[in-house]
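Generate coordinates for the entire structure from the input sequences, incorporating the hints supplied.
What follows is the residue order along each chain.
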Amino acid sequence: MLTKDLLRVSRAGGGYHPQFVGEAHRDLAAQVIGTYQGHVGESRADLESALTALERDAPDFKIVRGFGKLLDREATFETRAPLPPERARRAAFEAAEDVGVVTETDRERALSRAADRLATDPDEVEASLYADLEDRQVLTAVSARYDPETLCQQYDLSLAQTALFDATEVRIRSDDPKAVISAVKRLRLMYEIERTGESETEDRSGAQREVVVTGPTTLFRRTRRYGTRFARLLRSVAKSTEWRLEAAIDDDGTERTLSLTDTDISVPDHEPVTDVTFDSGVEADFATRFQSLDLDWNLVREPDPLASGAHVVIPDFAFDYCHADFRVYFEIMGFWTPEYVAKKLDRLAELEDVEMIVAVDETLGVGETDDVEALTESGAADAEIEARGHRAIPYSGTVRVKDVRETLRRYEDDLVATSVAALPDEMIPDADVTTIAAVAADYGVSEDAIEDQLFPEHEQVGRTLVRPAVLDELAAEIEAGMDLNTAEAILDERGIDDASAALARLGYRVEWEGLGGGTITQREGASR
Amino acid sequence: MPTRLRYEDGTIRIDGPVPDLAFVESDPRSQTGRAPAFRYADLLDALADAEIPYTDEVHYGTTLDIETAYELREYQQDALDSWRAAGDRGVLELPTGSGKTVIAIAAIAELGVPTLVVVPTIDLLEQWREELEREFDVPIGQLGGGTQRVEAITVSTYDSAYLRADELGDRFGFVVFDEVHHLGGQGYQEIARLLAAPARMGLTATFERPDGAHEAIADLVGSRVVQIEPEELAGEHLADYDIKRIEVALTADERERYDEHQGTFTDYLAQSNLQLRSGEDYRKLVMRSGTDPAAREALLAKQRAREVMMNADRKVEVLADLLDRHSEDRIIVFTAFTDLVYRLSERFLLPAITHETGAAERKEILRAFRNGSYSRIVTANVLDEGVDVPDANVAIVLSGSGSEREFTQRLGRILRPTADGSRALLYEVVTEETAEERVARRRR
Chain A
1 MLTKDLLRVS RAGGGYHPQF VGEAHRDLAA QVIGTYQGHV GESRADLESA
51 LTALERDAPD FKIVRGFGKL LDREATFETR APLPPERARR AAFEAAEDVG
101 VVTETDRERA LSRAADRLAT DPDEVEASLY ADLEDRQVLT AVSARYDPET
151 LCQQYDLSLA QTALFDATEV RIRSDDPKAV ISAVKRLRLM YEIERTGESE
201 TEDRSGAQRE VVVTGPTTLF RRTRRYGTRF ARLLRSVAKS TEWRLEAAID
251 DDGTERTLSL TDTDISVPDH EPVTDVTFDS GVEADFATRF QSLDLDWNLV
301 REPDPLASGA HVVIPDFAFD YCHADFRVYF EIMGFWTPEY VAKKLDRLAE
351 LEDVEMIVAV DETLGVGETD DVEALTESGA ADAEIEARGH RAIPYSGTVR
401 VKDVRETLRR YEDDLVATSV AALPDEMIPD ADVTTIAAVA ADYGVSEDAI
451 EDQLFPEHEQ VGRTLVRPAV LDELAAEIEA GMDLNTAEAI LDERGIDDAS
501 AALARLGYRV EWEGLGGGTI TQREGASR
Chain B
1001 MPTRLRYEDG TIRIDGPVPD LAFVESDPRS QTGRAPAFRY ADLLDALADA
1051 EIPYTDEVHY GTTLDIETAY ELREYQQDAL DSWRAAGDRG VLELPTGSGK
1101 TVIAIAAIAE LGVPTLVVVP TIDLLEQWRE ELEREFDVPI GQLGGGTQRV
1151 EAITVSTYDS AYLRADELGD RFGFVVFDEV HHLGGQGYQE IARLLAAPAR
1201 MGLTATFERP DGAHEAIADL VGSRVVQIEP EELAGEHLAD YDIKRIEVAL
1251 TADERERYDE HQGTFTDYLA QSNLQLRSGE DYRKLVMRSG TDPAAREALL
1301 AKQRAREVMM NADRKVEVLA DLLDRHSEDR IIVFTAFTDL VYRLSERFLL
1351 PAITHETGAA ERKEILRAFR NGSYSRIVTA NVLDEGVDVP DANVAIVLSG
1401 SGSEREFTQR LGRILRPTAD GSRALLYEVV TEETAEERVA RRRR
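Protein sequence lines correspond, in order, to chains A and B.
Under our numbering, the first residue of the first sequence carries the number 1, and numbering increases by one thereafter.
Under our numbering, the first residue of the second sequence carries the number 1001, and numbering increases by one thereafter.
Bear in mind the hints are in silico, worked out from the structure with no lab data behind them.
Do not rely on the hints blindly, as some may be mistaken.
Each computed DSS-like pair below joins lysine-lysine, with the alpha-carbon atoms no more than 30 Å apart [stated by the list, open to error]:
1) 69(A) <-> 239(A)
2) 1284(B) <-> 4(A)
3) 69(A) <-> 1284(B)
Every beta carbon over 10 Å from chain B, so not counted as near; a handful from chain A, in silico [to be verified]:
4) 48
5) 240
6) 263
7) 300
8) 393
Yeah, the Cβ is synthetic: ideal placement off N, Cα and C, and Gly gets one too.
So, in structure tokens, the structure goes:
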């Protein structure tokens, strides 16, 4: 963070845009670093005047000051004096009190009295008097933390933090909402989860919800009191790979909006986490096994946070259906204590209206909870969860992918039914030859949804749809005794790659020769 | 479920039913009611009026068994009575040197609840803490000046209180704001908002602020319940004083440098068609200097011109004369410029106090001045407010910023009754024909 006087923002278009240096001022950063390094052994006042000289040629003196501010934290200044200055002062002031210093002669007399008392020379007393003043301290070392590039990065981060000093509220979207929420709590701020618009956006990774962060007293009046905490929050937010922060700025009474994203700033010395980390072995194990299957569902790790009354729930996973904009959340509940169970059940009961599957470890039952009244009669974990409107999968040791697959299947059936209902009664694809898969993709539904569909102008051959006219042409071109490769080439030309189904429809079979080729022969009983 | 009150980070969180009150909001984040902490007392009244049962978990600790040996003077007792009659709330406006601290101490003893005293400077912090330690037989906490220790009775700087108010707001039943006019600033107002303390007292010599912020203070601390002008107490309780004004000329060399810098500044104003009629105009110029190098150069020139004027060599000569003339007196020298403080300290070997002076050394110097080991002292503005420096009878002001309040309070410093009752003396040393002089003239 910088001091506010070093803030550089543009208010162009009514906005509030920090003037990031990016890579444009790397030379200037190098000059400032060089100035610090070149002044080791000299006083702070000398360093300051060298920096002031740099400011004159800089495009904006505040950039030099800002770089200096950051480097100051890496610099060590020390007092260099023959005597401890405070002791020299006390001796000198006491001697001066006795002498009653008015003239230069009085002064010399007092100094030599003080020197006598300290068993030293008057010159040493004089040289020590105020050697500990900030300006007179000596720069003894500058740590090598920054090179020009990282100094510019740190400057941009600090500048953005400084811009947040006047923020009254921030709204955050991040691919690591858990880290955001835990930083919000650590900083004694408060949050709400807000849905922003309909979930029709392409980006499914938490884009539909944002975390709105305010301070406790923001309820009563807009205040800049929490600005420095928002600034600290930014550091946590900026550590994730994809994020966006919007802040309401109270710019001396004018409301402005500050927008920051991962393209503006990053945290130097910090590698963004690219590999997904897991809270527990159970989760990691499940993710691996699920992804090895080729299902119509994409697994999303740590999806968007969900509102649950005054709290937030961030499920472990979400499943996004490939053929529709539909998301099912998935939480694996392990490590049970009665308190944990009670809390989880409360959260699930108050959860906003979303589809949720909960895997419950059946070896640790809810029967242990003291809060019996909150439970249904059965007391079984899965029943408790189903009683709160969610689907439960009991597990022991590991979550079986098959069980999850089956539960998802139930959604699929519904989805298929819904999408079938939305499809036309008859389908007439334009192409002479197409596939079920291609038609399903065109309509944005699963293949299951159109399998039982009527195709009045096409015949279904395996998973391929072919107009009868095309089949007639093929029947004329392909004949018994033909080499398999030749037949496949003819089919391929018409866009049919499922040769065996097509040949079977035309009444042929393949007589295999070794591993590669074969010959087309008339199938027995088939008439031409 | 009965209504339940809890303190949460500068607010009162209200679970359960609440009467419909203007200051209670419904909070969607916690799904409870919530009120600003400073409405705590009002909230309790409202719940009682509406006969709503409640549990109050806003505890600020046990009562204290403390007493004071101070005998209040009649006007001090009257002031305390008026404050109590106003429901233990309100501002006392009394001249510097009238014993405001004593009234506050008597109030702390009467209420006997954990108390926070908020003061503007490190010097006042030390002074209050020592006074409270002398008076009450309990440990005294301190927030500021390098120490962060909370006790049932704690003294804090405004800055520390601002930083920690939301965390400590339920620890005290009574809060005293010394030099309460500071509370007018937007930031500092938050201190009073975040504290739950029902009893509140403000102390000041100059309550009204030109920006009207004293009205906000009245909302947070209570209205002014007592106002006594310095004239009402002068002679009887405060020392009389005289003012002498000494004008010095710049040397030829200084004049040349001053004109050069001042010229750069006025040239810029002329070229850019700017006029400086108010503080607002000046602020605009400062803002412009952030982006316009010429404006920045002009401001720097203005600053250098001021430095030439403030540092005028002849002022140092005048000071030598005054130190010589008052060799038997106790003298405080003021100047706004830190650099000048150190120049004078090195030249005359005067003990110096500025913002750079460490807490221990500052304390040592003040103690030595109080007990007579030192008879002279030079300071920057850090002693501006209410610091108790007894028996100083000569003040020499080498530069002034022209603010009305600053000036009266500096005067206030030497308005202490001295042992022999002799008249105090204030010298104002200014440079001829400068902006500074016009400021001085405007005051009279």
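Next item on the list: Sort out which numbered hints this structure fails and list those numbers smallest first.
Entry: Hint check: nothing fails, all pass.
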